[in-house]
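Student: From just these sequences and the hints, can you work out the full model?
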Amino acid sequence: MPREAEPSINERAFILQALQENIRLDGRSLEAYRELNISFGEEYGVADVQLGKTRVLTRISSSITAPYPDRKFDGVFTITTELSPIASPAFEVGRPSDLETHLIRTLETTLRRSSALSTESLCLLAGTAVWSLRADVHILDHDGNLIDCACLATLAALRHYRIPDTSVSGGELTVYSVDERDPVPLALLHHPLCVTLNYFEGGEKVVVDAARVEEQCAEGEVVVGANPQGEVCLMQKGGGGEVDAVVLLRCVDLAVAKVRELGKVVDQALVEDAKRRDKGGMSRELQAENAR
Amino acid sequence: MPLDTSTYHLSLLRLDGRRWNELRRLSAQISTQAAADGSSYLELGNTKVICTVAGPAEIRGGQRREGAERDNAAVMVEVGVAGFAGVERKRRRGDRRTTEMANIITSAFTSTCFTHLYPHSTIQINLHILSQDGSLLAACLNAATLALIDAGIPMSDYIAACTSGLAPPNPSNHDSADPLLDLNGMEEQELPFLTVGTLGAGERVSVLTMESRVQVGRLEGMLAVGVDGCKQVREMLDAVVRRRGERVLASVVS
Numbered sequence: 088m089p090r091e092a093e094p095s096i097n098e099r100a101f102i103l104q105a106l107q108e109n110i111r112l113d114g115r116s117l118e119a120y121r122e123l124n125i126s127f128g129e130e131y132g133v134a135d136v137q138l139g140k141t142r143v144l145t146r147i148s149s150s151i152t153a154p155y156p157d158r159k160f161d162g163v164f165t166i167t168t169e170l171s172p173i174a175s176p177a178f179e180v181g182r183p184s185d186l187e188t189h190l191i192r193t194l195e196t197t198l199r200r201s202s203a204l205s206t207e208s209l210c211l212l213a214g215t216a217v218w219s220l221r222a223d224v225h226i227l228d229h230d231g232n233l234i235d236c237a238c239l240a241t242l243a244a245l246r247h248y249r250i251p252d253t254s255v256s257g258g259e260l261t262v263y264s265v266d267e268r269d270p271v272p273l274a275l276l277h278h279p280l281c282v283t284l285n286y287f288e289g290g291e292k293v294v295v296d297a298a299r300v301e302e303q304c305a306e307g308e309v310v311v312g313a314n315p316q317g318e319v320c321l322m323q324k325g326g327g328g329e330v331d332a333v334v335l336l337r338c339v340d341l342a343v344a345k346v347r348e349l350g351k352v353v354d355q356a357l358v359e360d361a362k363r364r365d366k367g368g369m370s371r372e373l374q375a376e377n378a379r
Numbered sequence: 006m007p008l009d010t011s012t013y014h015l016s017l018l019r020l021d022g023r024r025w026n027e028l029r030r031l032s033a034q035i036s037t038q039a040a041a042d043g044s045s046y047l048e049l050g051n052t053k054v055i056c057t058v059a060g061p062a063e064i065r066g067g068q069r070r071e072g073a074e075r076d077n078a079a080v081m082v083e084v085g086v087a088g089f090a091g092v093e094r095k096r097r098r099g100d101r102r103t104t105e106m107a108n109i110i111t112s113a114f115t116s117t118c119f120t121h122l123y124p125h126s127t128i129q130i131n132l133h134i135l136s137q138d139g140s141l142l143a144a145c146l147n148a149a150t151l152a153l154i155d156a157g158i159p160m161s162d163y164i165a166a167c168t169s170g171l172a173p174p175n176p177s178n179h180d181s182a183d184p185l186l187d188l189n190g191m192e193e194q195e196l197p198f199l200t201v202g203t204l205g206a207g208e209r210v211s212v213l214t215m216e217s218r219v220q221v222g223r224l225e226g227m228l229a230v231g232v233d234g235c236k237q238v239r240e241m242l243d244a245v246v247r248r249r250g251e252r253v254l255a256s257v258v259s
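Heads up: the sequence lines are chains A and B, in that order.
Convert by adding 87 to the 1-based position in the first sequence; the result is the number in the working numbering.
Convert by adding 5 to the 1-based position in the second sequence; the result is the number in the working numbering.
These aren't lab readings, by the way, just hints derived from the structure by calculation.
A virtual CB, placed ideally from N, CA and C, is assigned to each residue, including glycine.
One or more hints might be untrue.
Which residues of chain A face chain B? A partial, calculated answer using Cβ under 10 angstroms [to be verified]:
(1) SER202
(2) SER205
(3) THR206
(4) GLU207
(5) SER208
(6) GLY328
Tutor: Right under this line is the structure:
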């Protein structure tokens with residue numbers, strides 16, 4: 088079974104002792120994120136997020152399928168993850184590890200079960216045709232904090248994606264290609280993001296956005312999924328050393344503040360991408376929507 | 006049929022007649038399976054879980070383990086949901102949800118049990134869910150605690166778990182949303198809830214999962230109610246273990 092390198096005893100002692108003086112390995116504060124770069128592809132719906140050395144690429148694609156028989160009015164939204172050895176020697180292709188299950192469950196709960204994407208808006212013809220949206224998350228580089236990075240990438244890709252316009256008349260469904268009508272953005276009800284916090288010394292020191300080596304030395308982690316409106320949609324502390332309940336509540340408050348910051352970074356990246364696509368300022372003229 | 010919670014704030018009684026801070030009937034027995042190293046059977050309302058523990062045992066051939074873990078016992082958890090456990094018969098295999106539950110239970114007990122006492126061995130926990138009606142993770146954690154104690158595996162304290170949720174807000178006063186303790190199956194489907202597991206009777210939280218959308222301000226209330234409920238659960242688990250201990254002592258002494 089492939090393994091990744093464990094931190095040596097010296098490294099571990101150094102990290103723990105530095106944390107006692109509130110110093111991290113790369114000089115960040117305990118609550119600071121690493122440098123975050125979001126870039127989009129040429130096509131709509133491709134987002135590449137780099138958080139320090141961790142890199143995740145998400146691609147959104149859509150197709151029309153029949154809905155589930157017990158949910159005739161809902162579209163289908165699936166998230167799949169790819170953890171391959173390209174990211175870390177610990178990953179194996181084809182064998183879902185615990186980390187992969189955890190990652191995919193966290194993404195699903197934050198983005199799908201919290202109704203971030205309104206599945207009813209994906210319904211075209213009730214019972215016969217619905218959009219099936221698929222988010223493929225590829226982990227390209229693993230240096231800690233995969234969950235936050237993957238969530239950022241998936242949310243950015245969802246906000247970036249444009250789905251082909253459709254119309255229904257008299258039971259007939261017409262899907263317009265890109266040449267006929269501009270594709271439309273997805274109906275996202277809220278923009279949830281995840282924040283992973285690792286804790287040391289029984290909850291005394293809480294660290295945001297841990298690098299891989301910090302994760303390996305941590306006693307445990309708490310994942311909080313929230314949206315900028317102050318709603319928490321996921322909280323997961325799956326074992327590890329025990330913490331005081333008060334510390335957990337503090338973690339949640341910290342996470343909500345961080346989600347607001349991250350949300351602004353995503354907004355900024357989307358605005359810049361729109362400007363880049365909008366050469367010559369013609370897109371406002373060509374838009375079919377009126378300013379109301 | 007969707008849960009009708011319109012009368013919750015009027016009568017202060019839930020659909021099954023409980024008040025907001027009442028647990029369901031928790032009854033448990035340990036040493037239910039003579040052949041296993043440790044076993045327990047736990048009923049939390051209508052949620053029924055059987056747990057057996059095998060260990061500490063030698064590692065079988067194919068399970069090579071990494072450096073640091075060789076100095077500690079490895080806790081392995083398997084969760085199986087019976088086909089007749091839910092309302093409709095469903096034979097689920099390797100469901101991602103049960104895998105995640107198993108992972109949570111594994112990491113919870115890996116840090117609580119004194120695994121450093123048993124290097125190069127495994128502790129296998131098998132959970133079978135016979136009937137599910139809410140609070141599934143909590144019932145599994147409680148049953149596993151009892152079975153581990155029956156197997157004689159030293160732990161720092163009981164892991165007592167229960168769920169707490171949020172009642173729908175009063176239609177006339179939108180700010181008041183009371184927390185509820187120990188949700189049953191129907192309530193879990195409709196209301197936001199969280200599962201919390203504490204280590205012993207204090208405020209040290211060992212497991213916490215929440216998968217529903219809740220305003221940040223309400224979390225404190227839910228967590229406080231949950232931790233309180235865990236204290237009550239711990240008392241009951243302790244009583245079960247002591248009862249069994251007394252019986253064993255009585256049979257030996259006489």
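Student: Hint by hint, note whether the structure agrees.
Tutor: Verification of the supplied hints:
{"no.": "1", "hint": "SER202", "in the structure": "holds, 8 angstroms"}
{"no.": "2", "hint": "SER205", "in the structure": "violated, 14 angstroms"}
{"no.": "3", "hint": "THR206", "in the structure": "violated, 15 angstroms"}
{"no.": "4", "hint": "GLU207", "in the structure": "violated, 17 angstroms"}
{"no.": "5", "hint": "SER208", "in the structure": "violated, 18 angstroms"}
{"no.": "6", "hint": "GLY328", "in the structure": "holds, 5 angstroms"}
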